[in-house]
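Number of protein chains: 2
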Amino acid sequence: MLDELKKLRKNIDVLDKKFIKLITKRLKIVTEIGKIKKKHGLSIHDPIREKKMLSSRCEEAKLNGVSSCLVKDLLKRIMRESYFNENQEGFKKICLNLRPIIIIGGLGKMGQLFNKMLKLSGYKVHILEKNDWHNAKKILNNPMMVIVSIPVLLVKPIILKLSSLPKDCILIDLTSIKHRPLNVMLNVHSGPVLGLHPMFGPECKNLVKQLIIVCHGRYPEKYEWFLEQMRIWGVKLYVVNAIQHDYYMNFIQILRYFITFSYGLNFLEEDVNLKKMLDLSSPIYHIEIAMIGRFFNQNPELYADIMMSSGNNIFFIKRYYKILSKLITILEKKDKEKFIDYFKKIKTWFKSYAKKLSKKSDDILGQLNDNI
Amino acid sequence: MLDELKKLRKNIDVLDKKFIKLITKRLKIVTEIGKIKKKHGLSIHDPIREKKMLSSRCEEAKLNGVSSCLVKDLLKRIMRESYFNENQEGFKKICLNLRPIIIIGGLGKMGQLFNKMLKLSGYKVHILEKNDWHNAKKILNNPMMVIVSIPVLLVKPIILKLSSLPKDCILIDLTSIKHRPLNVMLNVHSGPVLGLHPMFGPECKNLVKQLIIVCHGRYPEKYEWFLEQMRIWGVKLYVVNAIQHDYYMNFIQILRYFITFSYGLNFLEEDVNLKKMLDLSSPIYHIEIAMIGRFFNQNPELYADIMMSSGNNIFFIKRYYKILSKLITILEKKDKEKFIDYFKKIKTWFKSYAKKLSKKSDDILGQLNDNI
Numbered sequence: 001m002l003d004e005l006k007k008l009r010k011n012i013d014v015l016d017k018k019f020i021k022l023i024t025k026r027l028k029i030v031t032e033i034g035k036i037k038k039k040h041g042l043s044i045h046d047p048i049r050e051k052k053m054l055s056s057r058c059e060e061a062k063l064n065g066v067s068s069c070l071v072k073d074l075l076k077r078i079m080r081e082s083y084f085n086e087n088q089e090g091f092k093k094i095c096l097n098l099r100p101i102i103i104i105g106g107l108g109k110m111g112q113l114f115n116k117m118l119k120l121s122g123y124k125v126h127i128l129e130k131n132d133w134h135n136a137k138k139i140l141n142n143p144m145m146v147i148v149s150i151p152v153l154l155v156k157p158i159i160l161k162l163s164s165l166p167k168d169c170i171l172i173d174l175t176s177i178k179h180r181p182l183n184v185m186l187n188v189h190s191g192p193v194l195g196l197h198p199m200f201g202p203e204c205k206n207l208v209k210q211l212i213i214v215c216h217g218r219y220p221e222k223y224e225w226f227l228e229q230m231r232i233w234g235v236k237l238y239v240v241n242a243i244q245h246d247y248y249m250n251f252i253q254i255l256r257y258f259i260t261f262s263y264g265l266n267f268l269e270e271d272v273n274l275k276k277m278l279d280l281s282s283p284i285y286h287i288e289i290a291m292i293g294r295f296f297n298q299n300p301e302l303y304a305d306i307m308m309s310s311g312n313n314i315f316f317i318k319r320y321y322k323i324l325s326k327l328i329t330i331l332e333k334k335d336k337e338k339f340i341d342y343f344k345k346i347k348t349w350f351k352s353y354a355k356k357l358s359k360k361s362d363d364i365l366g367q368l369n370d371n372i
Numbered sequence: 001m002l003d004e005l006k007k008l009r010k011n012i013d014v015l016d017k018k019f020i021k022l023i024t025k026r027l028k029i030v031t032e033i034g035k036i037k038k039k040h041g042l043s044i045h046d047p048i049r050e051k052k053m054l055s056s057r058c059e060e061a062k063l064n065g066v067s068s069c070l071v072k073d074l075l076k077r078i079m080r081e082s083y084f085n086e087n088q089e090g091f092k093k094i095c096l097n098l099r100p101i102i103i104i105g106g107l108g109k110m111g112q113l114f115n116k117m118l119k120l121s122g123y124k125v126h127i128l129e130k131n132d133w134h135n136a137k138k139i140l141n142n143p144m145m146v147i148v149s150i151p152v153l154l155v156k157p158i159i160l161k162l163s164s165l166p167k168d169c170i171l172i173d174l175t176s177i178k179h180r181p182l183n184v185m186l187n188v189h190s191g192p193v194l195g196l197h198p199m200f201g202p203e204c205k206n207l208v209k210q211l212i213i214v215c216h217g218r219y220p221e222k223y224e225w226f227l228e229q230m231r232i233w234g235v236k237l238y239v240v241n242a243i244q245h246d247y248y249m250n251f252i253q254i255l256r257y258f259i260t261f262s263y264g265l266n267f268l269e270e271d272v273n274l275k276k277m278l279d280l281s282s283p284i285y286h287i288e289i290a291m292i293g294r295f296f297n298q299n300p301e302l303y304a305d306i307m308m309s310s311g312n313n314i315f316f317i318k319r320y321y322k323i324l325s326k327l328i329t330i331l332e333k334k335d336k337e338k339f340i341d342y343f344k345k346i347k348t349w350f351k352s353y354a355k356k357l358s359k360k361s362d363d364i365l366g367q368l369n370d371n372i
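Residue numbers (UniProt numbering), protein chains in the order written: chain A, 1 to 372; chain B, 1 to 372.
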């Protein structure tokens, strides 16, 4: 009886070994593809090929009576690894100009990431760190591009020091706010200016499918090559104006940091038992706790600066705080009617995306559950 | 040149097709395994086998020069599908008593799920719905178990109607609060009493690795078979006392619902453009928006009842609200020192779990990124 089970499990083990062999082969081919892509300056991420490939595999899955969802998830996971493998081959250098790129704050985590990607693409990169300013004239000698990757509060004073860059030098900042830094850059430098906001952490190992928000400054034709270079890295670029960018970041960053911080502070002050809380949690809450923990594992200065960098943030948070107070009143009065009324209005607000978001959250929950 | 790329991509397509064939075979074997497990009453989820299998595959991956993380993720995803396939075979019936099980509220979503699982395990299940109470005496004729699966506000009045159950009948509720319902059950019924809280949505297709919290009521030896039955379904059981359960649910449910609701209300009142917000979002925020959207796609009554069911909730939320106000003061005063001080204290609070949680969040972010 249990021999029967053992036998079947052995069969599964044999299949799984074949599986690993297949993956090994696949990743080797992918390395070859990486070489060709590098040679021809093709982007590491080809969404059209990806979509076509996935949909024909899904068709085949259906013909075999296997869930196409399953096949899609598996292939996507393998592709993530593949992109990483292609990465190792480096990237085609788009701009053949011989002058170097300077990263100010190049030893910070994000600075290091750009440094790595630029070097993988064949550029000469110099770094200008806190203690290098006495030597700045030498380091900043005729660069083709200067990338400012420093804490938000230092952006203005540092950029003000960059008044004598060559006229054709491209000046770029990576701050998570865009309107003011962009204006400072435009005032200080008369050449090409570009604001970027990388929407990922510096711990990213490859940039495929990662989002960088682009706020154009001046002479976009002069830095178009750099956008193309990032596309080759696999980055997804999204262009928006700086004021809109800053407005949306209230939701996407400021409010999230505020809530995450408050959750952490609540845990601390309620002195809850973390082990027990994790034991009692469903996968969704596991991820929430993990994300809160992740936040507090980062640099507090960075978040203090972002949160305190603008009076607008406080203004925005206070508006949100009023909404919380409204909600508390509803709960306190047990005003079920109002609760349901708002609930339905918000549902309507989500309307056209509800189905898509619901599917997405199903996928996520499934994946979370795999990892318990 | 591009012919070269085409050729390699064709090779990949060939491998991927082999891949699908392998998965098809594997799932067929799994169906066979399901039959054996059913026959012998083995749990659909065997964590020891799973762990052993994964670790030897990871070893083999390493030997092949492939990331063991990759192999682990792939096998876990395949196993999720496998559990679903094993599910189809039904489950061994643990309790051979011939009397039926009654689900009060059995047409609600969670009631339906339990109905399905019990029937797949060979039990006779009757349902008692809102409109069946005139017929209750007949339906409630000598049941071996009564499961109360109804909105939280109705739990007390409904349980009060169950005063004449047979002495050996097991009385169970599935509410998301446990202390008071459990007491009501203990007062009304003198036989075995059990409080359960399923930590998953009723849309779950199989219960493997899903968590059900167990609050013992009375005569646990009488309902041990039912706990065993759920283990066979693959459920993970966690025993805690009802008061502790309710305390932790303040964090795991009440506070989350409160914040989720407030986020939605904030979107509504700020009248933000959802499309643009999604375009500008990184994967983490995508998932947050998806989860908020998911919340508002559910039944508002349910959440109103949970939130308003207890004065304790309000008390707890108000304590949290004070923390928010403290945080606002810190931001408004630009009190960086205090900000960093709290930040570090919270980091310390997370201490022993920081690494584990950080790894978990890395995995999650990777997966999220696959799905863009």
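Be careful, since some hints might not be right.
[To be verified] Lysine to aspartate or glutamate pairs mimicking EDC-like chemistry, simulated, CA-CA at most 16 angstroms apart: (1) B:K336 / A:D305; (2) A:K318 / B:E32; (3) A:K360 / B:E203; (4) A:K334 / B:E301; (5) A:K76 / B:D363; (6) A:K222 / A:D168; (7) B:K338 / A:E269; (8) B:K322 / A:E269; (9) B:K21 / A:E59; (10) A:K35 / B:E301; (11) B:K92 / B:E4; (12) B:K28 / A:E4; (13) B:K25 / A:D13; (14) B:K345 / A:E4; (15) A:K72 / A:D363; (16) B:K35 / A:E4; (17) B:K38 / B:E89.
Worth flagging that the hints you see were computed from the coordinates, not collected in a lab.
(message) Could you work out which of the previously given hints the structure breaks and list their numbers from low to high?
(response) Violated hints: 2, 10, 11, 14; rest satisfied.
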